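A.B. asks: So the sequence lines, in the order shown, correspond to chains A and B.
The numbering used here numbers the first residue of the first sequence as 38 and each following residue consecutively.
The numbering used here numbers the first residue of the second sequence as 740 and each following residue consecutively.
Think of the hints as simulated: they come from the structure by calculation, not from any bench.
The structure presented is a predicted model; accordingly, all values stated were derived computationally and were not measured.
Treat the hints with care, as some may be off.
Claimed, not checked - Residues from chain A that face chain B, not an exhaustive set, calculated with beta carbons under 8 Å:
1. Val314
2. Asp315
3. Pro326
Built from N, CA and C at the ideal position, the CB exists for glycine as well.
Here's the letter readout for the chains.
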Amino acid sequence: MRRLGAALALGAVCVRLAVAQAGAPDSTADSTAQLLRQARERYEQVDIERALPLLQRVVSPDWPFSVTRAQRVDAYTYLAASLVLVGAADSAARYFRAALENDPFTDLDPRRFTPGQLAVFRDARRLTFAVGARLVGAVRLDPRTERVTFTVVTTHLATLRVDVRSTDASVGRTLFQGESDGLRELAWNGLLADDRLAPPGRYALLVDGRSRLAGRVDSTRVYFDLRHELPALEDTLPDLRGRQLLPEHYPPSAATRDLVKGLGVAAGAALISGTLVDGRLGSRSAALPATVAATATLTGVIAFVWRRHHPNAPGNVAVNARRRQERQAANEAIRRRNAERIAQTILLIAPASGVAP
Amino acid sequence: MCVPLALGANARAAAQWTVRATGVAVVMRHRVDAGYGIEPSSGAGVGAELVVGNGDRLAVRLLAQTGSLDADGPGAVDRDVAEVGAELDVVVLPWLTAQAGVRRRTYSTVLARQRWTTLHVGAELRLPFTETGVSGIVSGAVLPGVWVNGLDQPDLAFAVASGMEYRRGRASVAVLYGVERYRFPAGARPSRREQMAALALKVGWSVTR
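The following block holds chain B by itself, in its conformation from the complex (with noise of 0.2 Å):
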């Protein structure tokens, strides 16, 4: 869910147009330090990407996403997580793609609803191997803009992730390891740190026209 970066390459089939389905399983270590000590929380979630590629340069990809976190310690509570975003893939050279987006993330407690808007600007470089369908990725996005209700902008926020894809055929299967991490200056609340460590798995399929 936290990886924002992932299958960067579904644009570059052949075809002039492109259209690859995903879905996503993820499982997710969130940690956030509010100043009253450090929130432990874990999770899983499922989610599904379609991926709309224009001949091998630019692709677009929505996602949506949800799971739920369980505390992992005295004070966490747990909480549901959704997420849908959008980002733009430009191919610029065969390993390096660059990526901007915008995503919009939901954590919801019985206490309360805290909603995320986040934008990320990175690039993803890929590592193909000899064999015909296998790269290596490894990417990493600075997020220029993070709304939280509730919060002042970050001084750090990033995302970066590492992983495999594996495709053959139509089909196309990735493991990724990210985390995005923020941090927030003390105003008039205490300093905020927040992590969201994720392994996520995506099985996909694409339908060329």
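Here chain A stands alone, though its shape is the one from the complex (with noise of 0.2 Å):
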């Protein structure tokens, strides 16, 4: 590292002095992409002597227009391949390591780059130690028949794990744990570690590795966050309480009631011959009210004593266990109807603005 801060300085040295000769940027080159794109198109013409400039200005501290990481990227990578081609083989390698370091996905391509620039990258590949990950643009997927892929990638053999856990990493799924060598493509179904659907919220891809050549280390991470689409599911149905549900024992006082009742019934009786009866069509008869007065007195004792007896109430037993078991149907058909809509569920995964450091 710290030679590579001194071939830094000295390329910053060497930007200074470009950008003197070159004098102030002029209004039609000054943005960082603009510079890019001429910078390219002198290295194609293999005007590296031209192209070198420019691309060193835009690595420059003293560049004033803000770079973006692919532009820096960009710029370390035909800079380290310019450098090749005018045989600083050193500081080419230099820039590729800063290449790789800011973006572990740095790769040339070899159709368009030289046998030895891309010697010079595979050293650099060796010397630095990166992880780094990649998840594709916002997904919507079915996970009982679709998979999300991620891209991890490190720039030599190394020992390696991804995760992906909630940020409140109580639950998660280990991806990958084994060694690996360059670019690896992980697919993830959705489901955790206990094989449920992972809940909705935000989810890192944590990736940790361990360089095989250098035993040194390197971590990133990736965030994104998950929800869920599905239809909306129904709420279940309370317990059966209160007034819900019929008293299963009768008070003391019931057996009371049905004396009182049984009486009142004899009484309405007698009071009907006695009371009701027309007085002037002679004598009354006390057998037919007697009849009913004696059958509605009997009732209501025997009533009381029944009742004094057997409190419970085995109808209205009945009737709360029938009443349960039909609120338990429902619920468990409620049940029936929201796990089939969650099984329906779809993933929607998009990248998060939140980014590790």
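Put the two chains together into one complex, using the hints given.
C.D. replies: In structure tokens:
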């Protein structure tokens, strides 16, 4: 790293000189993208002497315009490739390493770069250890039939572990653990270690690597948001309680009430025969009302004694049991319908705005 | 026979439509004073009721009874009695049923035949016991329309009843004591008082469809 820093400082000095030679950037070439395009055109025309200063301006700390990471990696790569062509292999390797450290996915197309450049780049990869991870853009997938693919990379042979884990670290799943060299695609079906569908929330793809060549370690993480798309679920019905259930035991007063009712009916018969009949029509017949009065009184007494000894209400118990069974069946049907809907869950995966350091 | 109020809860079955057929046996005590002394008679009769209920709110009751009354005193004569009627029951509250109906009764003697047509409006109060199917019954009705051939409208006419009902499954048994009482005002004829007391035993069977 110290040597790389020295190389970058040297490059910066060169850039300052180049900037001094070229004068202040004019208004037509003051953007990073424009300058990079011009540099690449010079490079493609093998006008390395003109390409180098342009590229060095982009990576210079004095460059006044914003430079994206991709632009910086592009500049480092072309700068290194240009330096190889002018015979400065050591400086080239350092710029390749800078490109790799910025983006471990950096690679050279063998059709566009010379074997010499490829060889220097391979050396840079051996000397640099970095891991990277990429998540494809927003994905909508059916976890029953589809998979989301993550791409991870190591700059050279390394022991690698890749996990998907929720940001609260409560649940997760290891997607890969073993040796890896270069690019590796990992598919995830949306299930966690317990084989349950990952709940909605923010997740991180955690990549930890240990170089098998230098013993160095590196890690990275990529955040993404996971959402479920499914039909609205039904709420289960609450347990029956209070007035929804009949009393399963009669209160002690129930027996007394039964007795009073029986006596009340008997009194009604007596009232009819004693008061409501027409007294001018002669003697009252007691046999008929007495029959009803005796029946009602006997019923009241029997009900009173029976209820005192049998306070349970088997009819109500049966009704309550049936109501509970119906409620349970209704809830089971709701759960079944919900399970069917959950089984049709679609996962929506999108890169999260938060990115790990 | 003279108990126009009974088994109003036949329509309360849980099924949407209920049909209940009931056999009736009745013991009657009849007394009348037409201004010439009390004429007591008593007898027995049989009958049938058919109650068709819709849900637990409405029921229509059709009834037919017949019997004979034997003279119990020197001024009375034997007579046969026959009656048909129709009644509408409306369950106002689980324990209260409003009732209204019309009846046609005929007394036949060797001398004459007297026809009674009555309208009654009343209510039946049910007192359910904690034991399922056992209920006390108290009912009352006024008879705002009473048409008797040869007589004016009575200035007093009512019917009351009290009894017990027992249900078990589709079967039901009820025992009811009731009284009908009439008072016809004096006009061209002397005032007339008439009363029918009855003890009815009803055995029913419901057919739900």
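A.B. asks: Minimum Cβ distance from valine 314 of chain A to chain B below 8 Å?
C.D. replies: 6 Å, holds
A.B. asks: Answer holds if the nearest beta-carbon of chain B is closer than 8 Å to that of aspartate 315 of chain A; otherwise answer violated.
C.D. replies: With a closest approach of 5 Å, the aspartate 315 of chain A hint holds.
A.B. asks: Proline 326 of chain A was flagged as interface toward chain B. Is the shortest Cβ-Cβ separation under 8 Å?
C.D. replies: 5 Å, holds
Figure legend: structure checked against the earlier numbered hints; every hint is met.
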